[in-house]
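Generate coordinates for the entire structure from the input sequences, incorporating the hints supplied.
These are the residues of each chain, in order.
Number of protein chains: 2
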Amino acid sequence: MKDNKISMAVIRRLPKYHRYLSQLMDRDINRISSKELSKIIGFSASQIRQDLNNFGGFGQQGYGYNVEALYREIGKILGLDREYKTVIIGAGNLGQALANYTNFSRFGYKLQAMFDVNPRLMGLRINDVEVKDVDLLGDYVRENNIDIAYVCTNRSSAQQIADILCKNGIKAVWNFTPVDLVLKKGAVVENIHLIENLFTLSYFLKENE
Amino acid sequence: MKDNKISMAVIRRLPKYHRYLSQLMDRDINRISSKELSKIIGFSASQIRQDLNNFGGFGQQGYGYNVEALYREIGKILGLDREYKTVIIGAGNLGQALANYTNFSRFGYKLQAMFDVNPRLMGLRINDVEVKDVDLLGDYVRENNIDIAYVCTNRSSAQQIADILCKNGIKAVWNFTPVDLVLKKGAVVENIHLIENLFTLSYFLKENE
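Just so you know, the protein sequences line up as chains Y and C, in that order.
Every letter in the first sequence is one number past the one before it in my numbering, and letter 202, counting from 1, is 202.
Every letter in the second sequence is one number past the one before it in my numbering, and letter 74, counting from 1, is 74.
A couple of the hints might just be wrong.
Capping the alpha-carbon separation at 27 Å, the derived lysine-lysine pairs in BS3-like fashion look like this [what the hints assert, rightly or not]: (1) C:LYS206 to Y:LYS185; (2) C:LYS167 to C:LYS132; (3) C:LYS35 to Y:LYS184; (4) Y:LYS184 to C:LYS16; (5) C:LYS167 to Y:LYS206; (6) Y:LYS206 to C:LYS76; (7) Y:LYS76 to C:LYS206.
The set of hints was computed from the structure by calculation and includes no laboratory data.
Given below as structure tokens:
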């Protein structure tokens, strides 16, 4: 991919393409037209052609898309052609749920350690990963070149944790707290603001009634 | 709010306005200009004026916005002026994490029951809510007029659960599985596709390097 001007909207659709292409590969389907892809993925065929034109060379008139080539190219764009070292901060239910997702590891996100402030959780092993004292977080991130931190703490400690992470060279933060974190030194962030998503859902429910 | 043509983009920003207005109220701030709001929320002042103009009458030249009135109006638009009966399907780590979020209940989302297929979880009480046999799900949803179901099952049972929910009159599904559910009878859905969000994060990480 040469063109850096791919819009955010397209980027945010890529993971969904990736998922459906993977399912096609599981079913041994090697090529697919934009029309057929439209039926299963729910975007319009013209939207699909427009989106995938950004990467060039995968669709051929009368042939359709090469499923595996497109899957691999989208994976590369998303940065799935390498491994990421990850840590989880907050070893409560949510942190444990994330530690148990085998899917993350399958795509190269390798969980190295978990951290918590609660002494009763320290030393616990979840999916073979140890829960450590959060006081060790900064050193651990720096010494082990951790790429991504999943922040599952409570609201009140989230920014403090983010500061420690940034000071020690974290590259990306996956934020599950209902706080907009201020990150320094150019770390990137994605938020899962659960309550905001739930609010949107009740808006739709109300509109639908 | 009379105008039904508020764009999806605006709707999706409303929960964030709601959160920041709540914080202002906690700090006893009664009015705020679009400029000041811009500084804390991160949207441009003109974006804010445009967004909030959709609801009319809250901003006054030289005065700014009435924080509490705006907070209440946005809450009403989001459907937060009523209660919702909710259930959780899948009482694993993620389901338990959601059951323990006291914030949901505070905003009117009242958890009535949890369901699981695992006999070892049945009868367990999480945050004072009982885990029931998933075989009872359909009857329970119908008889108790459940509004919203949080689906935290594994991928392979998600659609089957969705079918049961729809058949029994569910109004909204909050889907945490990596599946695009097909819902009948006009139920609405919001998805938390974790892995897709993580892919987007690694895209940004890569672009930022």
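| task | Please flag the earlier hints that this structure goes against, numbers listed from lowest up. | result | Violated: none.
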